[in-house]
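Engineer: These are the residues of each chain, in order.
2 protein chains.
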Amino acid sequence: MSTPQRSEKLTLASFDTRTLPGHRLEVPAESALRLDCGVDLGPFAIAYQTYGTLNADKSNAVMVCHALTGDQFVATPHPFTGKPGWWEHMIGPGLVLDTDRYFVICTNVLGGCMGSSGPREINPATGKRWGLSFPVITIADMVRAQARVLDHYGIDQLFCVIGGSMGGMQVLQWAALYPERVFSAVPIATAARHSAQNIAFHEVGRQAIMADPEWTGGAYAEHGIRPHRGLAVARMAAHITYLSEVALHRKFGRSLQDRQQISFGFDADFQVESYLRHQGSTFVDRFDANSYLYITRACDYFDLAAEHGGVLANAFRGTRTRFCIVSFTSDWLYPTSENRMIMHALNAVAANVSFVEIETDKGHDAFLLEEPEFFATLRGFLAGAAEHRGLKR
Amino acid sequence: MSTPQRSEKLTLASFDTRTLPGHRLEVPAESALRLDCGVDLGPFAIAYQTYGTLNADKSNAVMVCHALTGDQFVATPHPFTGKPGWWEHMIGPGLVLDTDRYFVICTNVLGGCMGSSGPREINPATGKRWGLSFPVITIADMVRAQARVLDHYGIDQLFCVIGGSMGGMQVLQWAALYPERVFSAVPIATAARHSAQNIAFHEVGRQAIMADPEWTGGAYAEHGIRPHRGLAVARMAAHITYLSEVALHRKFGRSLQDRQQISFGFDADFQVESYLRHQGSTFVDRFDANSYLYITRACDYFDLAAEHGGVLANAFRGTRTRFCIVSFTSDWLYPTSENRMIMHALNAVAANVSFVEIETDKGHDAFLLEEPEFFATLRGFLAGAAEHRGLKR
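Keeping their order, the protein sequence lines are chains A and B.
Taking our numbering, the leading residue of the first sequence gets 11, the next gets one more, and so forth.
Taking our numbering, the leading residue of the second sequence gets 11, the next gets one more, and so forth.
Quick caveat, the hints were computed from the structure, so don't treat them as lab data.
Just so you know, not all the hints are guaranteed correct.
Chain copies aren't distinguished; within one or between two, either way the pair holds.
When the alpha-carbon atoms are kept at most 20 Å apart in a straight line, the in silico DMTMM-like pairs for lysine to aspartate or glutamate are as follows [said to hold, decoys possible]:
| id | residue 1 | residue 2 |
| --- | --- | --- |
| 1 | Lys261 | Glu380 |
| 2 | Lys261 | Glu348 |
| 3 | Lys261 | Asp26 |
Can you build the whole structure from these sequences, using the hints too?
Structural biologist: Printed below as a string of structure tokens:
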């Protein structure tokens, strides 16, 4: 594990993993991780950030799980973009995840492109980038890799595991794989299995990437190029699904971009076009195309019921974890109905579960925003759980 | 006007407009069409199909307007794919649009790629393909071009103008531009203006096409290539929006394609992936990428209220046209709320309007399918309108 300091402006194409700010757990070959696909992965690395201090009995650790295109910089400015951490308003002294009280860990997922082992990294066995030779991973593989970070700290049980979207899938997988290691769990705006529509949207993104000639079968890094156009299109398509129609209408409507009249051309006449193009073009500066393939695939493969004989409740039988499920009314990517299925499964095994649907028109992205009712819900749940856990204020 | 016969298998890349089955109206330069962008387009051509017989007083003509990727082969096998016409179950003897009673016309829209003037065709002034030098057209331009076909037949008034999706926009534009020429109008699953979300989805498609290096700034035909990969991705993204989540779930769920287990790779493991890939790859055999740009742009520009001082009702003030608006409950591309806005505008000017929301889980595509309640609605409306028009059975 090393803790290097940020030196100069980093870019995705050029950075060396060891120059990234934050921590890095290097797992040796003899502790290889058996992946769902059957491959033993090792050595491998997990890059992560921590906030706050682990208490003496190691009972105050919170694992934050990031979404598809998130990373470990949850409450730290992003080393490439300089933008605030993606949950900066959630994590810090006195905030919902109070770093005066909790020890917060956020790892870059296995398969990611911000320092954890993934297709962007060097395969130690060959000295070349993994590319498509990196094994296809699952949400469970991500979680097993995160558990190695707990082992590293000697943390037997997380006080809480929390995350939205793909982060919520990891939360559910944590609770299913390691029930004794999860005191409380907060899956947000997620699903216990990826729907056909969501697989379809992911497949569009993958096809956009793979259609870009610069993808070169995943070996672009070898050639010093990147499929930035395909990746931008993938991001644009995905981004629409993160917003609600109402939010798009309120934010942009049919307003024109820097002009009084339509141009009768193919420039970005409308603000919504300009916005989407910007989303696409900035994304490619911080994300790796092959990682996008791997991580979307992991989401598509996720099906917690299928792993448990087709009965979702079996994933949680006997659990003592306290659950708080949160959904958002205008989220059409992971709608309330998907979240409610999780609640029904937990009810079926008499688990301790609360379920809150937050009224908002901000769509799936609401989980990344300061929604007062959302934050109040989390505060209330965490306060109760901390009391039961005997955590000091 | 010529009526050539189908000879051998045609393909989009190679066909000459004059080898297409059906009719073709060639408008000479002296009758140029003044487009909304200010350009005078002429000479130009409109390719179309007809079904049934025009009656003596020319009162039984029905204009069918096709959607984004439709064409004039509404009840005729497609010359490239050999598939049945896209409304074949709607048009014919004894069917909803009864060809024993009505004279049905369906034109390929201006800007299209099935014989009407558009970026795929030869610019007579240069002898080269138009490509991006073709003027950007609007829904109103499409309708004005269709009106030339009526002029050609000496038809003063259509008995009915009918269409779904972009076809519905043309219906509304017909009623607004030529109120005296439209006895009845049936806009289906449409909107009086394109929403921010719909513009966004179109922009993703356009970016996918323009990101393909083989698009070559729209000049691909000059180079004997085609941006088939970008166009396929555009089609895949759009296709998801035509279906409902429920329909995708029922049709595919998480079923695997020709395998018992996931492959831990990037092949099409899931049926929904395989289906989407098929949609993309077959589409490029029958559609032109530049036409896709132009026609999506025309949809995005469509805003009937904006053309009438910001008040949609003004578009229909004084209308004597009889309207029947149809929407589908699970259509999230042109939801009932958008269709209801049209009804409200028509109500505000005391127009003769009926509005029917059809219960279905088949999404936007329902307008192309044999939905019994949908068909019954159309039959009932047309029967009443025909009686008022004094059309013989």
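Engineer: Now look at each hint and say whether the structure bears it out.
Structural biologist: Now the hints, each set against the structure:
no.: 1; hint: Lys261 to Glu380; verdict: within (17 Å within a copy, 37 Å between copies)
no.: 2; hint: Lys261 to Glu348; verdict: between (27 Å within a copy, 18 Å between copies)
no.: 3; hint: Lys261 to Asp26; verdict: neither (38 Å within a copy, 45 Å between copies)
Of the hints listed earlier, the one the structure fails to meet is number 3.
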